[in-house]
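Please arrange chain S on chain W, whose structure you already have, making use of the hints.
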Amino acid sequence: MSELTLTVMRLGFLAVLWLFVIVAVQVIRSDLFGTRVTQRGSRRQEARPQQAARQAAAPPQQRGQQSAGGRQRRGAPTKLVVSEGTLTGTTVALQGQTITLGRAHDSTIVLDDDYASSRHARIYPDRDGQWIVEDLGSTNGTYLDRTRLTTATPIPLGAPIRIGKTVIELRK
Amino acid sequence: MSVVTNTTTIGAIEAPSRRNTELALLGFAVVIPVFAYLNVGLAIDGKVPSGMLGYGLGLALLAGVAHLVVRKWAPYADPLLLPLATLLNGMGLVLIWRLDQSPRLIATSMRLYDSFSPDAPKQMMYSAIGIAMFVGMLLLLKDHRVLQRYTYISMVAALVLLLLPLVPGLGSAVYGAKIWINVAGFSIQPGEFAKIVLAIFFSGYLMVKRDALALASRRFMGLYLPRGRDLGPILTIWAVSLLILIFENDLGTSLLFFGMFVIMLYVATERTSWIVMGLLMSVAGAVGVASFAGHVQDRVDAWADPFGCAKEGIAACQQMSQVMMSFGSGGILGTGLGQGNSDLIGFAANSDFIFATVGEELGLAGVMVFLLIYGLIIERGVRTALAARDPFGKLLAMGLSGAFALQIFVVAGGVMGLIPLTGMTMPFLAYGGSSVIANWALIGILIRISDTARRPAPAPAPSPDAEMTQVVRP
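Protein sequences, first through last, are from chains W and S.
Take the numbering used here: the final residue in the first sequence is number 172, and no numbers are missing along the way.
Take the numbering used here: the final residue in the second sequence is number 474, and no numbers are missing along the way.
Ranges between beta-carbon positions, derived for each pair:
(1) S:Val65 - W:Val92: 55 to 61 Å
(2) S:Arg389 - W:Thr78: 39 to 45 Å
(3) W:Gln97 - S:Arg389: 28 to 34 Å
(4) S:Arg455 - W:Asp128: 48 to 54 Å
(5) W:Arg127 - S:Arg145: 53 to 59 Å
(6) S:Leu68 - W:Thr98: 50 to 56 Å
(7) S:Asp305 - W:Thr7: 35 to 41 Å
(8) W:Thr7 - S:Lys311: 33 to 39 Å
(9) S:Leu166 - W:Thr7: 50 to 56 Å
(10) S:Ala132 - W:Arg29: 32 to 38 Å
(11) W:Val92 - S:Thr236: 53 to 59 Å
(12) S:Ala284 - W:Arg29: 42 to 48 Å
(13) W:Gln97 - S:Ala212: 41 to 47 Å
(14) W:Val92 - S:Arg389: 30 to 36 Å
FYI, nobody ran anything at the bench for these hints, they're computed from the structure.
Beta carbons are placed, not taken as given, at the ideal position from N, Cα and C, and that holds for glycine.
In isolation and in its complexed conformation, chain W is listed as follows (with noise of 0.2 Å):
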């Protein structure tokens, strides 16, 4: 044989060897070096002038949104209770965040009801700090005091609100 081919087949070999080594690193790859973000990155860049310039334009409602979130108005209800049906005695603190309610297990509050609905209604707060209840379109309805809903309604202190055989209110 000769010394040629021999050494091709050497240096070849060699180069065989470190490509099958190369070929299983690359297979765990994120094992190894991470996940890739790079092009996730550069994007960011791109996008920051713009989020740059909405922010520009966002602070007057921003700053409005912080005062009425940051001072609590006097008779403001902070925390919801439940009076009524399963998890009677259960409290939920309102702090300015959405809270949904219904048999669906992703709900603030998961009612183990089976009159409710899936995702039966939420109550969140309105830009001056006025808490609202709002019908997820239910199948039974959802009733504040004995009238069932059919609008977005803010929520008087104190007033039961009636979901399947759950009565929620809001207190101070």
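Positioned in the frame of chain W, the structure of chain S alone reads:
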């Protein structure tokens, strides 16, 4: 306000099983040794070796069986472990076959034993048994947590395995180390199997005791010193590994077991003090034994100054200087397969010193590839330990890959002159039935744990959202 009427459920993306990746890599891992075989044949005889087809088909068959079993019984297993082990095993076969062709080794064997039998066919048979062991592991061990039940049985079994070579009539001393037993004409090295059994014991034991070991301790000079009764087991293991060292003259195995225990203690308790204590204890033990046992003393001399003491005619020193010459003449790119003179190492050229052949014929570039492949196997093992959901699986995967890593460090480090040489085998590469079979079993357990770890979590119970809302009848 829009009304939410229906919801879309976004499920988790189906975890890819990556079996096809494994198959592709496995194909690659079979082709490389066949290429090597061809290269050796062309270099030695100048013609395509006659056994190439049979050899290639045999390796492909073994790899194929292993792959199909993994595909059926461990579908989410790690895709790299099997191809990496197959490549090492295949390359080991080629290197052993290459040394079988050496006229010098044949002449030596004829002079010493009046007979020569090639080792490559035997190694092929051992590989087949190894694959069978691997398949058996996957078939019989449906869930690695079953092993947890046998914690203390494993301890007894490991001790028995370790002490077997000392039993008169059963054990046999070969070249100064009593680590073999003779059963029905086969010599078996029980230490290789004890490695796995001991890892099972350590995982089961540490899983239960780790809180006591980690928390009930006094602080002294920045180190956490455990209570005496918690210290008991580590002292026992230390004593046992020293006893092995003294009575079996086997530095490597004792280092392997003690090191594995320290690694697992550290992983289980997160206390650095165990590592400090472990290092101190192993140094004390090694120095103590090295100053008494002549066998170990020779190895240390051969390590400190191989060429100097080779003149005095000590066998260990001569081997070590031959190995150094072999590595040195390889250079960066090597002499090419079948074209080196690593067969000048007359003794154990295809077992303990097989890495010297890699170093001479494939050079630094080839040695690096082999070390990287071993490193990748260890990385996959540690990754499996990270991904495992149960503490027993975590510790077991960590212990097994730690033992594997230590073994490679001890052998490769010994052959390259980094630490005193100890008689151990390079996993998968070196000639030796026990080693190949035990390491395939080890890979089988790792694959089983990684399958459990990467398997997607079972689907959650049917959500109550799906039930109909009852309508209130007025």
